[in-house]
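S.K.: Sequence:
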Amino acid sequence: MDLIDLHKIKDLVWHKNLIPRIFVLFIGVTLLAFTYNMFLVPNNLVIGGTSGLAIILQELFGIEPQLFLYFSSVLLLIISFIFLGKSETVNTIIGSLLYPVMVSLTVPIVNFLKPYFIFDSFLIVILITGLLYGFANGIIYKSGFTTGGSDVLMKLLHKYMRIPEGKSVLYTNIVIILAGGFTFGLNKMIYAILILYINSTIIDRILIGISNSKLFFIYTSKTDEIRKFIIEDFKSGVTMLDTKGGYREEKGYLLMCVVPTKDYYYFKESVLLIDPNAFFVINDCYEVQGGVKSANLPFHS
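Using the working numbering, read the sequence shown as starting at 141 and increasing by one per residue.
Hints are not guaranteed to be accurate.
Cut-off 25 Å, straight-line C-alpha distance, at most; resulting in silico cross-link-like pairs (DSS-like, lysine-lysine) [stated by the list, open to error]:
(1) Lys150 / Lys282
(2) Lys328 / Lys362
(3) Lys148 / Lys362
(4) Lys226 / Lys384
(5) Lys156 / Lys384
(6) Lys408 / Lys226
(7) Lys328 / Lys226
(8) Lys391 / Lys299
If you anchor each label on the Cβ, the simulated ranges turn out as follows [unchecked claim]:
(9) Phe211 / Asn423: 39 to 47 Å
(10) Ile333 / Leu253: 25 to 33 Å
(11) Gly202 / Val421: 30 to 38 Å
It should be emphasised that the hints constitute simulated quantities derived from the structure, not laboratory data.
We put the CB at the ideal spot given by N, CA and C, even for glycine.
Build out the structure end to end from the sequences listed, making use of the hints.
M.R.: If you want it as structure tokens, here you go:
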């Protein structure tokens, strides 16, 4: 069987259903920008990321959030291209540039609708914000894109400081949320944490399951090719388990790999590109600990 060039996998996944995925991205980013202008900015709710940092800078220095988002998006894209490479940057370009544009374009819509979005309880505002923000982020990740921003910082911390991606996101957001707490007070910080909790729950529900990682069990006739993809291209670890078929009693290997939830789409589609007949089972993975530090992999065999 012909081997698939691992360098072409990202291009093949990138172009698969590209137009429908870009349409979904557009819907998600528009909803994200609307929620940002309608609920987060007016209420000084800092939930992390460059968007939260923009709210803090507006309060401290009077910088318009849209201007900061334009500047930070372009700057982080340049940094990503230089330090992370083209392949790691390509799926963030559209979202990174589209988000600040939609933040600007939705301002008139928000100003028109504001009189109709008045609630008696601020907790209703928190609930609606968390639901809308989570749904928007969920369909963006489901389409295989991101909006850049703090995702670039996360990847830099992961690559150069060997901090796991999940913890990189957590540390980055904690710093920004704490800065928001010092700027706007403890109450607003607690509200922001509630929004983040709702947001993350909705994202997980939309993607698949309720965990931060997915455990893949893969049975394939192209064991070496998929193992090579996981280790060399996906930069993760893999465990090979000896198997024996129950019907024909054929011996083979079952590949086991833990994948971050946000990379679910890319990983699944890449495996299917290498072997369209691959059989795999996906489980929620609630915690990952340990591994071979010298290899910087979660699993090694």
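S.K.: Work down the list of hints and note, for each, if the structure agrees.
M.R.: How the hints compare with the structure:
Between Lys150 and Lys282 the alpha-carbon distance is near 16 Å, which keeps this suggested pair within the 25 Å criterion. Distance restraint check for Lys328 and Lys362: the Cα-Cα separation of roughly 52 Å exceeds the 25 Å cut-off, and the hinted pair is therefore not satisfied. Our distance criterion of 25 Å between C-alpha atoms is met by Lys148 and Lys362, whose separation comes to about 17 Å. Using a Cα cut-off of 25 Å, the hinted pair Lys226 and Lys384 is violated, with the two alpha carbons roughly 41 Å apart.
Pair hint Lys156 plus Lys384 does not hold up; C-alpha atoms about 34 Å apart against a cutoff of 25 Å. A threshold of 25 Å between alpha carbons decides the hint, and for Lys408 with Lys226 the separation of about 21 Å falls inside it, so the pair holds. Proximity of Lys328 to Lys226 is assessed by CA-CA distance (about 38 Å); at most 25 Å being required, the pair is judged violated. Proposed proximity of Lys391 and Lys299 is contradicted: the alpha carbons are some 37 Å apart, above 25 Å.
Distance hint check: the CB atoms of Phe211 and Asn423 are about 42 Å apart, consistent with the given range 39 to 47 Å. The hinted window of 25 to 33 Å between Ile333 and Leu253 holds, with their beta carbons roughly 27 Å apart. Our hint of 30 to 38 Å for Gly202 and Val421 is violated, since their Cβ atoms are close to 54 Å apart.
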